[in-house]
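Undergrad: Take the given structure of chain D and dock chains A and B to it, following the hints.
Protein chains in written order, with the working numbering: chain D, 1 to 136; chain A, 1001 to 1299; chain B, 2001 to 2241.
Quick caveat, the hints were computed from the structure, so don't treat them as lab data. Take these hints with a grain of salt, some might be off.
As the list claims (entries may be wrong) - Some but not every residue of chain B turned toward chain A, in silico, with C-beta under 7 Å:
| id | residue |
| --- | --- |
| 1 | Ala2110 |
| 2 | Leu2124 |
| 3 | Ser2125 |
| 4 | Cys2126 |
| 5 | Asn2127 |
| 6 | Lys2131 |
| 7 | Gln2144 |
| 8 | Leu2147 |
| 9 | Gln2148 |
| 10 | Gly2209 |
Every residue, glycine too, gets a C-beta built ideally from N, C-alpha and C.
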Amino acid sequence: MSYGYIKIGSEEKAFIAKVEEISGQNVYSCYQCGKCSAGCAFSYKMDKTVNQFIHLIQLGQKERTLDANTHWICASCFTCTVRCPREIDVAALMEAVREISLRENPEKVRIADLPKESLEKLPNIALVSNFRKKTG
Amino acid sequence: MVQYSYFPGCNLKTNAKGFEKSALAVSKQLDAELVEMPNWNCCGTVHTLASDNLMKRIAPTRILSRSSKHVEILENSPKEVVTLCSMCNSTLKVVNKDIKNDESKLEPINFQLEVDEEEYQKDMEVKHFLEILRDSVGYEKIEKSVKKPLKGLKVFCYYGCMLLHPDEAKIDDEEMPAVLEDLSESLGAEIIFSPLFKHCCGSYHIVDQEDIVNTQVQKIIQSAKQNGANAVVVACPLCAYNLDAQQKSMEKQGLDKELLPIFYFTQLMAIAMGEASNINHFEEHHINPEKLLKKLKLI
Amino acid sequence: MSKAKANSKPKDNVSPTVRIYIMGEAKDVPASLTIMKAIEYAGYKLTRGAGCRAGFCGACATIYRKEGDYRIYTALACQTMVEDGMYLTQLPFVPAEKAKYNIKDLSPSAETILRYYPEVARCLSCNACSKVCPQDLSVMDYVQYALQGQIEKATEASFDCVSCGLCAIRCPAEIPQYHVAELVRRLYGKYIQKYPETLDKRVKEIEDGVFEEGFKEFMSMSHDEIVEKYKARDFIDQKKK
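Okay, chain D solo, but in the shape it has when bound:
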């Protein structure tokens, strides 16, 4: 395992500020108790658990944050939000990272590539919410 230094310069601070602006949350409120990750129904699918993900944001690591799949696995069920002892809207942090990603790259889901059969089969509630969360 190799170690590296993490610098928190202007780029990192700008990322933290953007996440805080979009989400309306203070990322430094988080004291890393891990309750969010423990209660998350999808932790097993995430390459960074929710609290690890928030830690990356606290350190302004934009690239590593966006590279994680955490915010794309999150289904906005708000279990973390209602349970956070620091009253952070964790789901809003996830949304903020999704927004930042989509504003640079608006197609997490490429609608044109979805098979026609499943478009026909799926209820519109699924399509509407998916496109709202995964296309910009």
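TA: What follows is chains A and B alone, placed relative to chain D:
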């Protein structure tokens, strides 16, 4: 007789027709009639959590404004818009609170709505039909109108996320809710508890990450079965679709033989209150619930 | 106000002029012209962006702003008079792919709409489309009806669409509304609209030669006789019948 301005949402017109028709029928029987508001648009199903995105708040605001006008022509109607779908309910509730508390958001949205001759006056409340049944109709009245108690039906009440989360939208205690249980009990069904009553079904991941939904549904259904349920009751068309269709595909893959039929709470009400069975549109379901109902001599 | 207005004192027999800006270039044109005629008056030859010149074909979509006004206005160039201080450009074509399908294989439902135009699910209900529609249609409403699978209502609401494409260019969800509307109307025509039984009857009458006598009589008439006959024609009272 009280009439409510009712916002259907897209799915109740497409693949959850049974949910709507059964709700309309029982609402009439209970003197709390749901009247569809004219000219409604899709609410967006999920509310945006981005503080700077006003565009995605326009649709719910327009619904609230149009519903406010609709209430004027109804009988004894409170200033409430009623939903059946729990995603619509959550979206409308959160946006309603958001713009009521933040003039800097409402003002530009109203400016956009001006051209459509709409202006939201912050005068509406959003209610889920379950709240109306609990708080305005009362379980006693429901119990009295039961003609055919749901004897033998062992229901697992699956809330999903959106009835209980987030705080602005919850209709009951988020860790120990009772509204679906109380309702099912007053219809004569047996209540089966499973700890996964609000374990997310995977929601909109069904479109591009079906494996997630598959795993979630397996866990939820298995737990319900282990606790002895023979049916699941829900209030969300997306939960219903995921639980229903994924079980069916598991059966096709040979992973599961014993399937739990999925009911909307209003379908159970319609059966117990003696409405015609065809309004439930069971043919829309992937797992046909009629087999179980016939076995229990409920239809 | 603009220079044009201050300078142009209408003389007898000379129509007043207004100053418009065609793709940024100032042109003084008679105020009595439509946008399309004004563009031609100013010396441009329209090779695209002009069709029926009667408000039906939707080829002459135009976008404009007015002096001192931030709003974007839209119009069909053949149907709208020029105004002083118009900044305008033509939009002869809107790029959008039209779905390919065999109408016989479809069903009149939301599923069909979402299969061919899944982007309809991205609609934000912002109503930008209705605001730009030169036909004053409730575009957002018919897109929403389509999403809800209410094909009949969507058909009614979109019936006067001329497919100019202005809605599609303003849509933040990038929906080609006018193509969706066309699919909707085709579904309506194929699966919902009642089949006119009288049509078969009339076709059979024509085939059986019921009208041949009458036509022969007309063909042998002189011009004056036809005029005479036209003037003396008798209306059948439809209600009585």
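Undergrad: Which of the stated hints cannot be reconciled with the structure, identified by number in ascending sequence?
TA: 10
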